[in-house]
Each structure stands twice: as C-alpha cells, then as structure tokens.
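S.K.: Protein chains in written order, with the numbering used here: chain F, 1 to 201; chain B, 1001 to 1725; chain E, 2001 to 2156.
Just so you know, these hints were derived from the structure itself, not from any lab. Just so it is clear, the structure is predicted and the values come from calculations on it, not from any experiment. Honestly, I wouldn't trust all of these hints.
In the BS3-like style, the derived pairs of lysine-lysine whose C-alpha atoms are separated by at most 27 Å in a straight line are [what the hints assert, rightly or not]:
id, chain 1, residue 1, chain 2, residue 2
1, E, LYS2142, B, LYS1574
2, B, LYS1106, E, LYS2082
3, F, LYS55, F, LYS151
4, E, LYS2142, E, LYS2082
5, E, LYS2115, F, LYS138
6, F, LYS181, F, LYS95
Some chain F residues near chain B, calculated using beta-carbon distances under 10 Å [what the hints assert, rightly or not]:
id, residue
7, GLY70
8, SER73
9, ASN77
10, GLY107
Beta carbons: idealized from backbone N, C-alpha and C, even for Gly.
Residue strings, one per chain:
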Amino acid sequence: MKKSSIIILAALMLLGVGGMSYTDLNQKDERTVSFSTNGTASESFETMMKVLTHKRCINCHPAGDRPRQGEDSHIHNFDVQRGEDGHGVVALQCKTCHQSSNNSLSGVPGAPHWHLAPRSMAWEGLDKYEIAQAMLDKNKNGNRSVEEIEKHLTEDQLVLWVFEPGVNNEGIPREKPPVSKEDYIKAVKDWIAEGAIIPSK
Amino acid sequence: MSNTENSNETPKRTFSRRKFLLRASIGAGVMIGVGYFGCNPMRRSLAGMAEEAALGYDNKFDAIAWFEVTADNDIILHSPKVEMGQGIFTGMAQLVAEELGVSIGKIKVVHASSMNRPVDPRSTGGSDTISGLWVPLRELSVKMRVMLLENASKILGVATSSLSIGDGVISGGDKSISFGEIVSQATEWNEPKKITLKSKKDFKVIGKAIPRVDLEPKVMGDPIFGIDAEMPDMHYGVIVRPPKIDTVFESADFSKAESMPGVIKVVQESDFVGVIAKSKTQANLAAQAIEVKWKTNKVWEQKDIEEIIKVGKGKPVEIQKSGSPKRILNGDDVITSEYSSPIGAHAHLEPNGAVAFVEKDKAIIKISTQVPKFTRTEVAKTLDLKEEQVEIQPTFLGGGFGRRLHTPNAMQAALLSKAVGKPVHVFFSRKDEFQHDTFRPPTHHVLKGKLGENGLIEAIEHHVSSGDVAFGSVLFPQALENVFGADVGAWRGGMIQYRAIPNFSATSWRVKLPFATSWWRSLGLLANTFAIESFIDELADKAGKDPVEFRLAQIKDDERGRRLKAVIEAAAKKGEWGKKMPEGRAQGFAASTDANTPVAQVVEVSVENNQIKVHKVTCAIDPGMAINPDGIKAQCEGAIIMGISASMFEKMEVKNGALTPTIYGAYKMARMRHAPKEIDVVILEGADKPSGVGEPPLGPIGAAIANAVFKLTGKRLRDMPFKLT
Amino acid sequence: MNVSFTLNGKAVSVDVDGQTPLLWVVRDVLGMKGTKFGCGKAACGACTLHVDGDAIRSCSYAVQFAEGKKVTTIEGLSTDEKIHPVQQAWMEEIVPQCGYCQPGFMMATAALLEKIPNPTDEDIDNNIANICRCGTYYRMRKAIHRAAEIQQNSNS
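Looking at chain F on its own, in the form it has when it is part of the complex:
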C-alpha cells in the first residue's frame, strides 16, 4: 500500500480522532502521517515503538537542552548542554568524551556523530503516538521524507547503537531495548510499507 493513498491531514486527525493536545501544526504541510481507521495498532508499530520509547533513545531526545543518561534517565552529569547544533558547547562538545565507538575501558558510550536530536525532535514526555507523529512531521524531523526516515531508523549507526550500547562506567552492560535489532529493523520497514499508520490511542 502506498503511503500517499491513505494520507489524511494530520491536524484534523490529531485533533479530532486522536484527541490529543497537539497544537504545533502547520496547515501548509504535506505531511505523511497516517492513521489506522479501525483504531488498532499494528504489530509492526508496537514493535518499533518498544525501541523508540526506550531510554536508550529518549535520553538523547530530551525535552530541554540537556541530555539525560543512565538507566534512570537522570539529567546528564556536569550540566552538559545541547549547544547550537546538538553537538554540545564549544569546549564541552559531545566528542570531548564520546567517540565513534563505545569505550569499554571507561564505559563512555560512543557511535558515529554522537549528538542530541534537535529540539523539534524532543521525545521526552511524549507517548508512542506522539513520538510517531513528531517523527513523521517534516517541520520537526528535519524535512525528512518517509524513505529518509526509514533509512535513518534502520541504517544510522547512532540509532542502531541502542542495540549495542556497551558497558557503563562500572563495566555493567547497559540495558537494551526489549526487541532485537533484526526484529526492530523489520518492524520499521513493515510499518512504513504498511503506510506508516499511527493508530489512534
């Protein structure tokens, strides 16, 4: 099923069907947010969202300008700041501590282009439906098409880091999402192939 065939204007659906307080909408947007009409969530959506709502993702999609960290998602130590581009402030950048791979000796996690998701992609405090909407919202997602979103979700090394999060400073393995990388990638691809349908709550 092609996504274009089931496009419904997100704003109307969100306000009317979803009943969510989603006000940051742009009427001119050609968004590709879809909703299932029967209100049931597809299995692929649920599988995908088990990963995307996991703290390994949410910690770096914070609501404010400070990342979170750890299994308890505490505010990142040392008041680490987002900076202008999500890569930290000039003398305390993400890469001051985080390199392109996990450091098993220090327990500092790492992946290519380690940085914070932009403010518009703040997921902290959102539920899975809202996260999915934000993800598909071109005003928020960096003007990504659904194809680009799929690529980001399934190929980006920083995103896929959540399945290989390494050990923490105590040498204890970080908690992984409850879904394997393979199942997650399949779920994302299926969900998008199914039309990127966001079920109603």
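Based on the hints, put chains B and E in the right spot on chain F.
M.R.: Below, chains B and E without anything else, positioned relative to chain F:
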C-alpha cells in the same frame, strides 16, 4: 625518563623567570639541621593541645640536614612538610629568605627524602606547618647565615663585621664570594650557639603576597606528582579490592589473568591480590579477569548506618562543661534541634598510589603522602627491612585533604615490586578511591538551648555522634584513646565558643562504623559548626535579636574571645551585614575558631529553581600573623568552595553493602558554576605569631549558607547536603 | 597496532593496542606527564588535551582514533619563545593550589578561547565543567577573563 620533582627533562623555556626545582648541580652541600620538633614540649593541657592541633609532636632531637647550597649558588630547602596545595613551600621559603637575607628566588624548596634529610615525626596536616616552623625554621636560617658569614670571613680575610650579604653573595671591601664558593671551600662549620631573630618591624619578605614558589611547574604541567614518578624498567600494578564493606578475602582464581597479554605476575598476599603487567591498561584488564571469592559478614544498607549514627548510641564523653547546663535545660522553654551530615569522600584528583622499587636490602618509595615517616615504618615492617633501608621520596600531592594520612598503598606497591624485582607503579582506580576512601564520618547532632530573661542564652548543650576520625589512625596511638576518651577529630569545632554563656557543655558520642572513616580537611569542624552556628541563629531568631549582635554579646572577654569578636565585627563590616538586599537575596552569618584561628563569614544567597546559589562570601580571618596574604586568601577561597561543595552537594551512601557512588558527577560536587563570583577576604593579625590557615576557613560556610536560606525562605536546613524540598 | 600522529608538533608513532587510552600512550609511552589521570571515565576533565584543536578527555579516547591527527598537551600549549595566554593568565592570577587538575582546566580553557575569544561568565560556566577539589574556580574564572584579554591584546 622523568623523575619526580628533580626531573631533568623539564623543557627549557626562554620566557621562564626561574627554573623551578631544577637541581642543576648538587655539588658541595652543607648540612645543617635542628630538631624543631624538640621545640614544642607538651605543655598545654591535652584537650587544649588537641584543639590547637599541636598533638603528637615527639621530643626527638635529630640534627639532620635541611639546607643544601649548590655550586650554582642556589639554596635548596629540604622540606619535611609536604606541599599539597596549601602553599607551605612558599611560606617556608619566605621564612628562610627573610632570615638568610637573600631573595626568595634563591630558595628552592624540595620534598625531603627520608634518607639523611629531615623527617617529620608526625604528618603534614592540622594546619600547623607554618605555626610549628615559625621559630625553628627562622632560627635555622639565621644559623646558616652566621656560618656562611664566618666562613666567608675566613676565606676572604675580612672581618665578619665588615661583610654584607647580597643575593647569594657575601661581600666586604672590594672582595666578594658566592654562597656556592663558600660551601665548596669551607672545611669547618661551627653551629652558632646564640642567635637573634629579626623583629617584626624589620620583615621584608614575611608578610608579602609573594606568588607561590611552585606556580610555574604547576602551570607548565611539569611532572611533579607521585603518579608522574618513573623508574627504569618500570612495570604497572593493580590491586583488586573487595566490592563490599565488612568483607574479607577468601580465595582467588587468577588462572585466566596470568595468561593475558603483558601480564608479568599475579601476586596473592594475605589480604589482597595484585597484578603486575607491562602497561597500565594490561594490568587493569587482567585485574578484571581475576575471580575473587569474598566473604561478606553483613550486607550493610544506608538505613543501618543512619540508625547507629545517632546521639544516644555509642559511647559518650563530655568534652566541655561550664556551669550546670543539664539542670537548667529542663521544661517547656527548652529549644531542641537536630542536625546531620552525610558520609563525605575526599575526591582529591590524584589517586592514591606509589612507585616502589624493592631490592634485597633496600627499598625506594616515591609517593604523595602526608606521613612520610609512618609510610617508611609501615613499608619497613612489611618488607622486614630496617627503617634506614627504606627511602621515602615524597612528591607533590595532587590534593591531600587528610586522605594521604593513610598509605597502605605504599606497602602494597612494595610487595608487588618485591614479587617481580622491578619498580612497580600502582595507583587506585577512581572507583577504588570512592569505595575505599577513609571517609569523613557521618554525624548527628542534638542541640538544646534555653534563653534567659535578658534574651541571651542561659544554657546550651551540643551532642555530636560521629564515626571515628583520629581514633584508629596511625597518628593516634591506641593508648591515647583512653587518655582522651573522645575522638579529638570528631569533636573538632564541637565546643561552644560563646563562653560568656553561663552554662554550656559539649558531648561527643563515639560510634564504630563498618567502613574506614578518618581525617577530612578540618575534620569535624564543618559539620559541628554547621550544627552549632545554625542553632545559635535559631536562638537569636527566638530571642528576636540580630544574629551578629547576639553572638557578640556572648563572647568571653579573653584573648581568644577578643580575636573571635574582631573577626565577627570585621566580617560584618566588610560584608555590609544587615544592608538592604535585592529582592530574592539574603545574607547569612556564622563564625568558628579552629587551629587557633578565628574565622567569620557573611554569605549572600538566592534561591533559583529550587537551587541555592551563593553569590558572595565575605570572610574575615585572623591567622595571628600573615606570612603570605595571597596564600591565605587562596586558602580561604578554596576552603569556602570546598565547604559549599560539601554542604550543598556531596553525599556518599551505603547501598547493597558498598559505598556509592563511584564516579565524579554521580558524586555531586561544586563546579565552576557553583563558585561564588565574589569572595572577599579580610585578614586580621591578632597575635604575634602565625596560626593555622588551611582548615579554619572551612568552618562557618555551611552554617552561614543555611542561616541565609532560613532568612530568605523561612526554611531551616538541618541536613547536609542541603535540600529545599 | 601502529598509530602515528603529531604530538606537540612532533611526529610520533607508537605500537600499542588500538584500544589503549590516548592518555596512557601520551604519559607512559611518550613520557609527557602533564596530562593527568583523574577518573578514567571522562568525568573529571584532568586528562583534557587537544585533538585537532578540540578539547578531548584522553582517558576515554582510544589511541587508534588519533591516527593522522594533531595532539596537543599542556607541554605543547606554549612555544619555547611565547607563553600561551592561558598559562600567562594562570601565572598572573596565581591560580593553582595542589595543581593536579590545572592542566586539564587550562586545555579546556584554551579550546574555549579558540572558539569564543571573549567568553561571558555564562560561557565559562557552560564550557568549563572539570573538577577542582582545591576549589580554585574563583581564581580560574578571573584567569579565563584575563587570558581572553591577553589573547585579544596580542592579536590587535
């Protein structure tokens, strides 16, 4: 290869004003010494002595070498006291320069090796270096001067009365000779019997804000710390320590570790396992691969600790009493308050460790330690060597704060070195530092007070329950525990200082904890002052009196009282106590006396987003006499910030049998953003000799902040670290 | 593995496990002790040095990443002829006490001033997150402002 303090690898810098600590040539040396430790007879009463931090000097007299004159005309002072940031090398250089009659630039201060150099019988700690050396070191310098003049006179054939001392040169008439030349030519040195010290009015170097003598190596990143020490063909060791408290070693399987890359040997001693490898990283990885079986007697939790640290538990000893406080503190109008402070970590940046090289009949230990003598004794005992076969080479300390008054790490390094016959470099991991620290003990305080009809305090009593500080330390022989009864470290700052109050008492309750607690900069001073000075504010509030006036009205009119009064007045004046504050800001006040140095502080705080912010601190201090005003200011600034950190952020807890957290960040500490933007230090000189500076300014800060927060919000902070909700 | 990079302007080459922290390579293999070990977890900043001009906590930086890069430590901040503005300011303000954390702070400050030549107090608070146990922050702040001044004067 670089050595520790006498590195000859230090790069040449053309901009360098001086080459610090470069011992260009140690040719002809002159040895001169005196037992300054003999100059401090135990005259004072035990309690008074302990309070003034003069405890533990022995009366041993050793004529050992303090000075060395190089052929290049530099004067090297071999310091038995160690430099951990407190600035004593500079203060000592000032005392020497003053009496020797040379510029401070001619004096190089180095850490004395334990081999043929002065060894401090006790420790560097207790804020007593400059006060303790005030007379002996100057006397020594005068002797040095007299002897140089005498020999110059002989060599030049000019009467000493016609000679004058320039900067490292002695001249008379048209002749002159350098110190270095004198030293290389003189054959006889006669120690003068009678000497005269300069009087205060003639001081040219003492009292000046001279930049610290170790400034340049510290700014340029020179290899001066224990962890920087190297020896040829050095290996790296790691010690495996128990994961929980109240735990003993049972057995270990290190078959896997032994075959790992770079591993030289795995050593099993009676109570620990150590790995020696070619690199630090290899040693670390191998240590992780060792499977140790530990036996934990009890899995402790924080609530267990909190239950036992309570006034009423453990052993009480009354440490101060005047009048009949117990009789008076009865009835409905008695005000009772409780306060507490948590377990504190030292969190100094350079981890503990040592570089050891043990051979058949000798051992060298390079180490940042506050107790070279005890380190030597312990290493000698461990290796079954004589003390004189063990050379301790102290280095600069990457923070001391009392943590380096215990050095079992030296013994462990020595055992690892002995096992492989090579020098071994062994340092704690940060996790080990946090879990195996000798912590600042948690405390619990109960204060009772009653106001008289005059609106002043009629009776007050302070009870403090604490883990051990001095007790159990190598610095405090067990026999003394019985003499003292109460732990002098735990109750430091725990006495009532407003001695015009007719009835007061203080009682110390000793509690044994299942983990090591000990010295932490200023010992009990921070927590005890927090409790007492907060309570004094509560009583002032109850009496409807200004907290500063309230304090001033209850100070006894004796020397100690007058000095305390002076700093309170000075802080209030400079800090503009009582001025109209902008909306959302308030002032707070507190004072304390420690190491014979009274300190008073005015703080200005605000509360933003539920966070206390300290904007300004005015600190008045009376260190008796100021040797180096800039060094005193630096100590006040540092102590204030360390005190802010301890009162507002720091806290260790026992979880699942282990001390936690184990990393900076999780162990919250003050950082740049938490430091006040204004710190104003006023120095009074209320005596004719110097007293302690390193610890006293840590006293008032916690209480001053709490008092300001009360004024601002009406909320009384009773537990450190402070929380508003 | 063999890793080659530039250390304080000099080409160096080491044969070590690629995972070895740059800190230990700089200190133990190359003998530059100015960069300090504080925690080994990138938490305290004592090991801060520059890699291609960026402030990096070298205890958590595998040496393999340094291949072909320019590494600068405290020993290389000043040249033989000219003291770096940050070190000059640190001398003028008499910042260090124990001194152990200071190289890390100076390296972080030098990186800050490269990008923000005249930092505000807020910039300093946000960028300088290292730990100093002696509590020299008060003087460091003054020294950072002073270093900015020295740097600007020498550029003008």
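S.K.: Under the constraints set out in the numbered hints, which ones does this structure not fulfil?
M.R.: Violated hints (numbers, rising): 5 and 8; every other hint is consistent with the structure.
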